[in-house]
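Take the given structure of chain A and dock chain B to it, following the hints.
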Amino acid sequence: MNKTQIPMARKDGLVVQEMPDELLVYDLDTNKAHCLNQTALNVWKACDGKNNIADLARMYGSGNEDLIWLAIDQLNENDLLEKESELDFNGRTRRDLIKKVGFASVIALPVVASLTAPSSILAVGSCACTANSDCVAGTPNANAGCPTGSCGATACVA
Amino acid sequence: MIKSRENILNTDKFFTFESFGVVIRIGATISKHSEKFKQMLKLALPENFKLVDNQISAEHTFFIEYTSAKILKMFQNGEYIKEADSELRFFNYLESVVRLTVGEHAKAKLFLHAGVVAINGRALIIPAKSFRGKTTLVKELVLRGAVYYSDEYAILDENGLVYPFPKTLSVRGITDEYQQLEVSVESLGGKAGSGPCPVGMVLITEYSADAVWQPQRLSAGAGIMEIIPHTLAIRKQTKFALQVLKNLASRAIICKSSRGEACDFAEKIIEFFEENA
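Going line by line, the protein sequences match chains A and B.
Counted the way my numbering counts, the first sequence spans residues 1 to 158.
Counted the way my numbering counts, the second sequence spans residues 1 to 277.
Each hint should be verified, as a subset may be incorrect.
Unchecked claim - List of simulated lysine-lysine pairs, DSS-like, C-alpha gap at most 30 Å:
#1 B:K246 - A:K32
#2 A:K11 - B:K246
#3 B:K73 - A:K83
#4 B:K50 - B:K73
Hints were generated in silico from the structure; no laboratory data involved.
Note that the structure is predicted; figures quoted are calculated from it, not measured.
So here's chain B without its partners, still in its complex pose:
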C-alpha cells in the first residue's frame, strides 16, 4: 500500500497532468491501470488534459492499488477512499472523483454541475444532479438545433461567460435503462460549441410525471440559492464562486419550473428561451 506522495514518486507507474490550472499526479501498482486511466482522462477532460513533467509538484495525488485478492483500492492524497472488485465501476468512480477535484480547485473557472447548450448565440444552463435527466434534455435540445456545450459541467469565467466542455454525451437508455454509453454530438446530427458564450438563461428544472410547464423568473438572490447546490467550488473557493454567480445573475435571467418528458418539453424550453433570454 502506497500512502505518501514520496512513495508515489518512487514508482515509475505514474503520470502527472494539468487541467484548468490544477496539477494532479496519478499512480498505480500496475502500469496498465495508470495507462488505462490516462486514456480515460483524456476523454473525460476534453481539451483540458495536459501531461506535465513528473517533477512538477502536484496539488493532489491519486493512487490505484491492485491487491493480491484482485481488489482495486483508491487513495486520494494518501487517504483510502474506496475499493471495488469491478474494474469498470472502479475507474468510472475514480474518473468522477478526479473530475470533481479539478472542478473544485480549478483556477479562474467555476464549475457548475449542469447541462449547457447555446441558442442563437446565447447559452442556456440547466443545473442538475446526476440521474435527473440532464443528458436526455441536452440531447433533445441538440436534436432541435441547439449547439452543444456540455452534458455535465457549465464552466464559467469570472465574467460569467460559459465555455464548452465538449465531452461525449453520456446517454442512458440505448441498450438498457442503466447502461451509460458515450455518444458524440456529431453522431446525433448536432454541433458542438467552440468558444466562450454569454449566458442568456439558467433554468432550474426537474422531471416530474405530472409536471406543468410554468416557468417563473427568480430574483438574483433566490436564483443563486438554487445554483449553489450545483456549484463545485462553493466550499473550497467561496468568495470567487459567489462573485462569479453574482456576475452570472446580473447578465442572465434565472427561471424555475418542473417539466415532463424531455422530448415533449424541449420545444417549449427553446420557445421560452427565445422569447425571454
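Just chain A, same shape as in the assembly:
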C-alpha cells in the first residue's frame, strides 16, 4: 500500500536555486533554507505526482527502496512535499536503515541540511541594551536582539 503512494514535490512558497550537484531551497513560509545533496534533489525532482515509491526505487535499481524511504523521510521532515507521505521502514529504525543503505549502496545517502534564517535584529551591530539597567556585567540579558545573551559593563559580550 505504501509503495503505491505518489509523493509530490512542493512548489508553492519556495525559492529554488540550482547549484552543481546540490539544490538550495528557501521556504518563504518558515524562513528556512535547505540544501539538498544530489541524492535528495534527484528524489525530490522525481516526485512529480506521477511516480510512486516503487517507481522512484526503480530509478536507482533493485534494492534501493530503503534509500528512497530515507529521502522521503527527510523531505517529509522539512515540509518539501505537498502532502506528508506515510513512511514504511518495514519495522526497522531510521538508524538501521541508514546503516544498511550506507554499507550496501554506492549512492550517497540523501541529506537535507536546514537552518532558519535569522531575523534582521540578530545582526544589529550594537547591543540592544539601551538603558543602564539593561546591561549588568556578567548577568544574562533577555533583551531581544542581544547578540550574545550576556552583558559586559556597557555592551553584550561573548
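For chain B alone, coordinates are given in the frame of chain A:
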C-alpha cells in the same frame, strides 16, 4: 508622540536621505537630535549617504521622540521600537537599525555582515556576527598588508563583485574591553580599497581558545548555507540574495576553520588565501 508619516511631514525637524537606492526619512522632536543623527549617518554610510528633497516619498521613516522625562524613544514606520535614557546607546542602536534597513532593502546590492579585505587584487570575505572578533581580525590582516574594504558589511553586486564600505574601523580594547573607538585605516598604516573587487575566498571562522587552524573547503551549497545567516536581505529579497550567493560561490572558494587569536592567525590566513584563492 508622532506616529505617522503625515505627522512627520508636518515638522521641520526632519531630513530625507537615499542610500543604496533606499529612501529613508528621519524626524525628531528636537532639531539637535535630527542634526546629530544626520552627522552620524554620513560617517556610518560612507560615500553612500545622499540628502534628497523632503518631498520625495520615503520607503521607511524613523522618528526620535524626546519626552519630558528625558527619555529617548524610537519609532520605525510609526511603530514604537525602543527607548533609552542613554543618548550614546540610543543613537548607536538607531544607527545600527537604520543601516540594517538600508542593507535589507538595498537595490541591486547584497549586504553580508562581514569583514572584507583584498589580497593581491582579490577579496577575502569573513562573515561573522557582532562581538565575534571580526574587526580585530580585519585590523590584523590590514597591518600585514591587506587592503581594507570593510569591517562590517560585504557589499556584493549581482555578479558577486564586492564593493568597499570604507567606514572607520570600530575597534574595541583600546581604552577598555568594551568601549568601541572609531579608527581610520590610514591611522593604522593601512590602505582602503577604492573599487569593486572579485572575491577569491569566503572564510567562515570563529575564535576558539583551543582552535587548530584546519581550513576545509566547503561545497557551494554547504558554503552558502554558512553565509545565509549573515545575509541581511535573505528574508526581504530572497530570490536576489540566493542568485548573488550562487554567483559568489561559483567564482570564489568557501572555507571553514576555527581560529585562535587574530594576531597569531592573520599570517596563516594570508598564506592560505595566497595559496588557494
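These are the hints, each one checked on the structure:
no.: 1; hint: B:K246 - A:K32; result: holds (17 Å)
no.: 2; hint: A:K11 - B:K246; result: holds (20 Å)
no.: 3; hint: B:K73 - A:K83; result: violated (47 Å)
no.: 4; hint: B:K50 - B:K73; result: holds (25 Å)
Checked against the numbered hints given earlier, the structure breaks only hint 3 and satisfies all the rest.
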